[in-house]
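Q: Single-letter residue listing:
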Amino acid sequence: MRQDGSMQMAAPQKETADQNFDYMFKLLIIGNSSVGKTSFLFRYADDSFTSAFVSTVGIDFKVKTVYKNDKRIKLQIWDTAGQERYRTITTAYYRGAMGFILMYDITNEESFGAVQDWSTQIKTYSWDNAQVILAGNKCDMEEERVVSVESGRLLAEQLGFEFFETSAKDNINVKQTFERLVDIICDKMSESLETDPAVTTGTQGNARLTDNPPPLQQPNCAC
Amino acid sequence: MAADNDPESEVFEITDFTTASEWERFVSRVEEVLNDWKLIGSNVGKPPEKGEYTTGTWEEKSREINFADFKFSITHHYLKQECAESEGKEDGEEDAFPLAMQDLLCMNNDFPPRAHCLVRWYGVREFVVISPGANCEAIISESKCNLLLSSVSIALGNTGCQVPLFVQIQQKWRKMYAGECQGPGVRTDFEMVHLRKVPSQYNHLSGLLDIFKAKIGCPLTPLPPINIAIRFTYILQDWQQYSWPQQPPDFDALLAGEVGGVEFGKLPFGACEDPISELHLATTWPHLTEGIVVDNDVYSDLDPLQAPHWSVRVRKADNPQCLLGDFLMEFLKLCSRKETTDEILGKSSAEEEGKENSDITQALSKLTEPTAVPIPKLSVSNMVHSARKRIRRHRRNDQSPLNNDVLNSILLYLFPDAALDKSDSNEAKAPQSNPGGKSDQDKETEDYNLFSVLKSAPWDCLTYRLALCVCLVNFYHGGMRAVAHLWQEFVLEMRYRWENNYLIYGLPAGPPDLRCCLLHQKLQMLNCCIEHKKARDNVQKDAASENGLPVPQVSPGKSWDSWSDSEDEFFECLSDAEDMKEVPADGVKGAGAKIKAEGRLQPHGKLTLLNSNEPLYIPVTQEPAPMTEDVLEEQSEVLAKLGTSAEGAHLRARMQSACLLSDMESFKAANPGCSLEDFVRWYSPRDYVEEEVSDEAGGTVVQGSLSARMKIPGNMWVEAWESAKATPVRRQRRLFDDTKEAERVLHYLAVQKPSDLTRHLLPCIVHAAILKVKEEEAVEDIASVRKIIPQVSSHASKLLRHPSPDLKKLEDTINQITMLEATIARARSLRAKFGLGKGERGEDTENLELFVSSLLEEPEVAVIGAGRGPAGSIIHKLFVSAQRAALLAPLEEEAGRVGGSDDRKPAGGGVPDFPPPAGREILLRTCVPRPAPYSKALPQRLFCVLMREDFRLAGAFSSDTSFF
Chain A
346 MRQDGSMQMA APQKETADQN FDYMFKLLII GNSSVGKTSF LFRYADDSFT
396 SAFVSTVGID FKVKTVYKND KRIKLQIWDT AGQERYRTIT TAYYRGAMGF
446 ILMYDITNEE SFGAVQDWST QIKTYSWDNA QVILAGNKCD MEEERVVSVE
496 SGRLLAEQLG FEFFETSAKD NINVKQTFER LVDIICDKMS ESLETDPAVT
546 TGTQGNARLT DNPPPLQQPN CAC
Chain B
6 MAADNDPESE VFEITDFTTA SEWERFVSRV EEVLNDWKLI GSNVGKPPEK
56 GEYTTGTWEE KSREINFADF KFSITHHYLK QECAESEGKE DGEEDAFPLA
106 MQDLLCMNND FPPRAHCLVR WYGVREFVVI SPGANCEAII SESKCNLLLS
156 SVSIALGNTG CQVPLFVQIQ QKWRKMYAGE CQGPGVRTDF EMVHLRKVPS
206 QYNHLSGLLD IFKAKIGCPL TPLPPINIAI RFTYILQDWQ QYSWPQQPPD
256 FDALLAGEVG GVEFGKLPFG ACEDPISELH LATTWPHLTE GIVVDNDVYS
306 DLDPLQAPHW SVRVRKADNP QCLLGDFLME FLKLCSRKET TDEILGKSSA
356 EEEGKENSDI TQALSKLTEP TAVPIPKLSV SNMVHSARKR IRRHRRNDQS
406 PLNNDVLNSI LLYLFPDAAL DKSDSNEAKA PQSNPGGKSD QDKETEDYNL
456 FSVLKSAPWD CLTYRLALCV CLVNFYHGGM RAVAHLWQEF VLEMRYRWEN
506 NYLIYGLPAG PPDLRCCLLH QKLQMLNCCI EHKKARDNVQ KDAASENGLP
556 VPQVSPGKSW DSWSDSEDEF FECLSDAEDM KEVPADGVKG AGAKIKAEGR
606 LQPHGKLTLL NSNEPLYIPV TQEPAPMTED VLEEQSEVLA KLGTSAEGAH
656 LRARMQSACL LSDMESFKAA NPGCSLEDFV RWYSPRDYVE EEVSDEAGGT
706 VVQGSLSARM KIPGNMWVEA WESAKATPVR RQRRLFDDTK EAERVLHYLA
756 VQKPSDLTRH LLPCIVHAAI LKVKEEEAVE DIASVRKIIP QVSSHASKLL
806 RHPSPDLKKL EDTINQITML EATIARARSL RAKFGLGKGE RGEDTENLEL
856 FVSSLLEEPE VAVIGAGRGP AGSIIHKLFV SAQRAALLAP LEEEAGRVGG
906 SDDRKPAGGG VPDFPPPAGR EILLRTCVPR PAPYSKALPQ RLFCVLMRED
956 FRLAGAFSSD TSFF
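For the record, the sequence lines run as chains A and B. When we follow the working numbering, the leftmost residue of the first sequence carries the number 346, and every step to the right adds one. When we follow the working numbering, the leftmost residue of the second sequence carries the number 6, and every step to the right adds one.
Keep in mind the hints are simulated off the structure, nothing from the lab. Each residue gets a CB set at the ideal place from its N, CA and C atoms; glycine is no exception. Some clues are possibly wrong.
Unchecked claim - If you want the footprint, here are the derived chain B segments under chain A, 3+ residues with CB under 8 Å:
(1) 638-646
(2) 831-838
Stated by the list, open to error - No more than 25 Å apart at the CA atoms, straight line, and that leaves these computed lysine-lysine pairs for BS3-like:
(3) A:409 - A:520
(4) B:792 - A:533
(5) A:514 - B:716
Build out the structure end to end from the sequences listed, making use of the hints.
A: Structural data, given as structure tokens:
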């Protein structure tokens, strides 16, 4: 397992005020410009929706803590600018991320067409076991739909990602998307621990597993 | 109390006595365990298959039991047999012997190569041993032994367990066991004799047969035939002409030659001593009967060459010294040193002043010194030298930790562009951009990608080569001091290149690759800076020459000074004079005035500006500043610290708006009279919404406007747009301050201690080592090594991705690599010994190859054709030449003959082909009625081990208990 980089998964950092968590997962939301990444994140983190958020400049983030098997998992979710010009800046952040939500807009063919490209970017710049969920956003706008559910699912299958159609506006599958991502990250973590006993002794910041699935336990220095 | 559960036993009597004494308590505990393990009752099974004891899996379970407060451990050993039960049940006869008794006679698994000694001696497939606990003293006194044996006997009797039960007596190392096995009306006693010396009357087959017969005491005449199996083991230690070929490489010789630094690119490999220490030849006569062979104190038929069955095992040297492993270990050790470069080398700058004298002596000695780099007139190599001179001045020649010639070769190896033309050297080529012959695409890419797996650096790039040099210098050329010296030189070279606009050779172009180690990123960063500065200087020069203005001569080595103190730096340093003449300052003229467009890259398709018919131009823009991972991390921490509030988010956006602002300014400059809508159409097209609106005339007109989010009052984009002045990129403030960044990198490099350096380079050296092992394995083709390499990589990957890898665990990785190295070295050694790999390919070569490779992986390998087969004859020759060397030596020792009398067949010259056997094992078996002639015929067995200092008789004698 490679989640042991200091910057992302690091067990609680001393300087951060909020130390109330057992794990920290760093997640990234990517996808073309104006597919609804920021709205999606606000819906999840603040449960709010505004029809227009200022177009993200560079990279922004929100925090949400979730509970899983009595463990507090702090999600640091980075929201990225989708414009082409920001690619170099945002891809630099890929390397620390444990999970990605790759988003397109079901009412915009171009954003769907770019998914393949984004997925290549993930493969190039992220850690090789980063988990990805494909999300087709704005599914409330059925009358303007140009990408069918089926083609979304098919593409996800081809790329080996899980798939959701979501709506930040109507709050459809938002929570589910994040929860599923956290689940598969946890599964992957315990899986790689199982297959390699060498790491169970725990490099710093590593999670260890219990026997009850999906297993999660404290990192070594959670205080 | 096992007996309590048995309704047929005399319950009352036993209940009265149980727990009466410690002894009885002990016995009942043993019974309990036997019950728990379900070893009660008869079990029937087929005789084990041939070789099953070796191929099958042996299992064991243990329990602790006490005799008073004395701890014993009781262990059940058994061969895991599949479906033995289901098959056996049908033909289960009432009075069948216990399995163990049948096993005594079974000939399918004599002399198993790897088994518990009791299995070897008694041939049993299942047994239970009671031995004193870990920290308890041995059972030595006879009465205690007898007490234990009685316990065993009672427990077996009470439970009806048919598995043989042994107790270990005497000191542990003597491996003395006594035991018993009970069946319906039959019993086998296991007895043992163990002596230091072989009594002379039992030093041969006939003597042993006498004991066996006496022990059986069979009243029948003629005695039923006795089955005999014999194995002699010969040890070869002196390999003679096949002496171990590998010598530690001679590095001085390498450097003296013309090869220059080329050899620095190679890691050494192989064992320094023979990794195969002994060869054990076992010659076996598996099936003899009395009278077929003669072996007594004067004559023996047992000629190893004639033995029908040969098998061989090799003993591997325990920890052979391996070059690669040693290199890596020394390198790793460096990681935990604390000294700084200054502490190691002395503060050179302090000595700088007033040392002219040393300079002069230096200069004079230079005249007589042979130059190591025989390439004169080379500008860049001169440059390498001149950079180095500065530092060498502070040190007298003999103090310099790294010999000059070595240093020169290393620098030439690291910076081969020094040997090229100056013009070429300016092209920083990434050597790995075109890796040689791609025969196997998949393998190539897998090897190529190893750098990102290990977070090292691409194969053969500067960082990778530096790692190899540091490793080599550490091992051969002066240890840590030399490493510190080399590093100092390296940093100087980096500074020199920066100051003189020479790109660093051998680094992949582009921004720092975050998949690589930090040091590699830093070097790439420095290269980015150099590239930027070069571009800047070029523009300046061009501009100056165009204008016919004198270029302010930037003296090499000074340029950074001249820039670093200026606060306001511009992206490109074109003299503003020209612009000032032609274009009055921005904003002086009104918006409608014709302003000269600047900094256009290309038209953006067919788009035109919304307010005019001018084509919309994409401007030349500044690239965002490249970042190394540590800077990136710092920055993301800063961003994260702003928190998640709206203000925080706003601040964050503002902090990151520099790039947006710069792009807007460039856009304004390239497209005079443009609006935010125009900018958005290029920059973020989805934020410009076009709608078809019907106009007054009834036709449809496309009307566009900014998206809702761009219209939010006071949003970042509008704000930035309003504050953006039309400024082409070359007059903008630099987003990437190459001077500052370069100084930052150079400072970072300069303060790295030798230990820091080695930590940085560790991934590269592990990378190189794995590639080396792969390469060597490919030559030898060893499946087991091939299987382990990916495991080593993935294990190392997990460790090395951590920002500060656990050195202790990395040591394990290095040990694994050493182990692979030793395995390969062993294969080499064996192949050399068996004359393989010399090019000639006979018919037998293939079989011989197979034989050699199985020697490495299996505990014991049968020699096809025994002494007459191809492998056998080679082994024979090996023994003969070892014998010749040993016995025909001037100091001929009689000692050779003392141990054994079995080498009585002298080969030519009176020297026997084989040394006396190191061990002789003789197995005698028969089936005779005991104790009376009318008793059942029962299995009897005696296993004899005769060694120089060890004599053991392990007997199993069964008797009919029906009437006794």
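Q: Determine which of the earlier numbered hints do not hold for this structure and return their numbers in increasing order.
A: 2
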